[in-house]
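There are 2 protein chains.
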Amino acid sequence: MNYTNIKYNIATQMKKDSFSARLTQKIQAKQTPVLVGLDPRFELIPDSLKKSVDTQNPFAVATLFERFCKAIIDIISPLVPGVKPQCAFFEQLGVPGMQCLSNIIEYARQNDLLVILDGKRNDIGSTASAYANAYLGSNSIWKADALTVSPYLGDDSLSPFVQLAEERQAGIFVLVKTSNAGGAMFQDLVSNNKPIYQYVAEYVERLSEESCSLNQLTYYGNVGAVVGATWSTQLSELRSIMKKVWFLVPGYGSQGGTAADVAGAFDENGLGAIVNNSRGILFAHRSARYSDLFGENQWEKAVETATRQMIESLAAETSAGKLKT
Amino acid sequence: MNYTNIKYNIATQMKKDSFSARLTQKIQAKQTPVLVGLDPRFELIPDSLKKSVDTQNPFAVATLFERFCKAIIDIISPLVPGVKPQCAFFEQLGVPGMQCLSNIIEYARQNDLLVILDGKRNDIGSTASAYANAYLGSNSIWKADALTVSPYLGDDSLSPFVQLAEERQAGIFVLVKTSNAGGAMFQDLVSNNKPIYQYVAEYVERLSEESCSLNQLTYYGNVGAVVGATWSTQLSELRSIMKKVWFLVPGYGSQGGTAADVAGAFDENGLGAIVNNSRGILFAHRSARYSDLFGENQWEKAVETATRQMIESLAAETSAGKLKT
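Chains Z and U, in that order, give the protein sequences.
Taking the working numbering, the leading residue of the first sequence gets 1, the next gets one more, and so forth.
Taking the working numbering, the leading residue of the second sequence gets 1, the next gets one more, and so forth.
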């Protein structure tokens, strides 16, 4: 941990432990690219867990969130390579929520899961350094394997993340084409025959190419891209632009993305993408698909079944099926 | 505090207490639009304060940051309308840093300062609601008067902030044209003869017009814009596009912006903009301008002098001088 000037010492990194290498290894070990989003939403948590919780007491709600997220991790850690905690739901509970987030990251790491923290952070360079220092790598105080970052502030806001990610064997995922409908408002504006998100994509590809050559990585670098499952045409288009880039694909399930929609994100070996599902797994017991099969008191079974079915769907409808050898 | 579904109940708000009204009132009371950025950077904090602090202990560093920021607040609270804590520097210290941030926001409020939290947050709508719930207004757990937010995810990511800001008499500042050089990379791409930042500006203007009509505000709404002091030409151009919008202007001082550069951000009454200075005030004792006048042991005097001189410069070179009646 270092709160003073951050020194970049890329030469000393252990290349075999790069984020991209670890991600590949974990996906191959679990034979699936499914990522489980940890978005604890009070109103959707099983009633049996929250019945005695005082909603006005942030400590009590944070304790509930921790208990719920740890139960989820217990269920899904044998099945998937990683989790994606969403910062907003923890920040909402103030300091107790941040303690809960810290505990959950630690618990996920103990359970051998990669932790991709969804904070969508960024700022001008000297401040971006502080965010990167906060979150990236097992030596950081928050200990995330990777962090999502926003591109609006441009190259000098991204470079502190890129540099520190390399130094600490961590990764970043830059927002390129987000899963929400409103994402099109600015991302799809066209400049010189190219939408803005494509400019971002080309820059991310450049960063990841540099990461590959630095780390002697054959496939993908440590700079990834967020591309929503809800834009299947653009997913294939962006895969052809970003050849060296891991895709983090949100929007599967509750937001409408299907296994067929995300097929274009993968390479021929079933690598190159991780597909996130938050609500569709965490709150499966409330979904139309599983609520008849599993009652409220079988919510854990619903979580496991939804996870297994997503793994099967991706294996059946995308090249991720080739991971199963 | 409400962690379940957020209900919008705009009709019940107290219009006279809107963020825009409070900001106007505080600027007029202090007769200046100077905002002090709370960016505690360990390496720049006076040596006399940090000499016994163990840099490897986040609790110790957080205690130092709290002591330093409270000392800054003691000096500047009689002089300026508000502060802008930068989340990154607190997040960097993990949970102890978040407790420190919470304590500093409370201390600033006790000292009658507006708190504009610089988090540059955003996400898709349902998650953006959680961020808005976390930060906006005195009823929220973090209790910020306003929050900076990023526009990359488009309208449906901004609307939860806008709606909750109205309900809780809070404000937001949307990144339009950031102060860093790299900001131009995507923000200045031209689509249909207009740079991207201008599309964002036009949308922010629309949101703030709606806020004005909702709150019966004559001048400015509760949806502001971040426009860097380092882009003086664009500041005037953007003022003509965003007539109903408060400007939060970073980049003054250490980043190179001068009082003359920011003149275009103000209206003829000296309102419409707040100008932030972080390093130039907090660490004035280390600057070329003040280090000869004030030694390390007079750092508080340097902070006060730098603040007063910025107030004077803005009064002399912009219409903010008209606030002094």
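No wet-lab data here; the hints were simulated from the structure.
Accuracy of the hints is not assured; some may be wrong.
[Stated by the list, open to error] In silico DMTMM-like links for lysine to aspartate or glutamate, alpha-carbon gap of 25 angstroms or less:
(1) U:Lys51 <-> Z:Asp54
(2) Z:Lys194 <-> U:Asp155
(3) U:Lys143 <-> Z:Glu202
(4) Z:Lys194 <-> U:Asp47
(5) U:Lys194 <-> Z:Asp54
(6) Z:Lys143 <-> U:Asp188
[To be verified] Here are some chain U residues the structure puts well away from chain Z; computed CB gaps all over 10 angstroms:
(7) Gln28
(8) Lys120
(9) Arg121
Glycine residues also receive a C-beta, built at the ideal position from the N, C-alpha and C atoms.
Each hint, compared with the structure:
Only pairs whose Cα atoms come within 25 angstroms are accepted, and Lys51 of chain U paired with Asp54 of chain Z is rejected, the gap being roughly 44 angstroms. Distance restraint check for Lys194 of chain Z and Asp155 of chain U: the Cα-Cα separation of roughly 21 angstroms lies within the 25 angstroms cut-off, and the hinted pair is therefore satisfied. The straight-line distance between the Cα atoms of Lys143 of chain U and Glu202 of chain Z is roughly 39 angstroms, outside the 25 angstroms bound, and the hint therefore fails. Restraint check: the Cα-Cα separation between Lys194 of chain Z and Asp47 of chain U comes to about 51 angstroms, which exceeds 25 angstroms; the hinted pair is violated.
Between Lys194 of chain U and Asp54 of chain Z, the direct Cα distance comes to roughly 51 angstroms. Violation of the 25 angstroms bound is thereby established for this hinted pair. Simply put, Lys143 of chain Z and Asp188 of chain U have alpha-carbon atoms about 35 angstroms apart, too far for the 25 angstroms limit, and the pair is violated. A cut-off of 10 angstroms between C-beta atoms confirms that Gln28 of chain U is not in contact with chain Z; the least separation is 30 angstroms. A beta-carbon of chain Z is positioned within 10 angstroms of the beta-carbon of Lys120 of chain U; the least distance is around 6 angstroms.
Interface exclusion of Arg121 of chain U from chain Z breaks down, the closest Cβ pair being 7 angstroms apart, not more than 10 angstroms.
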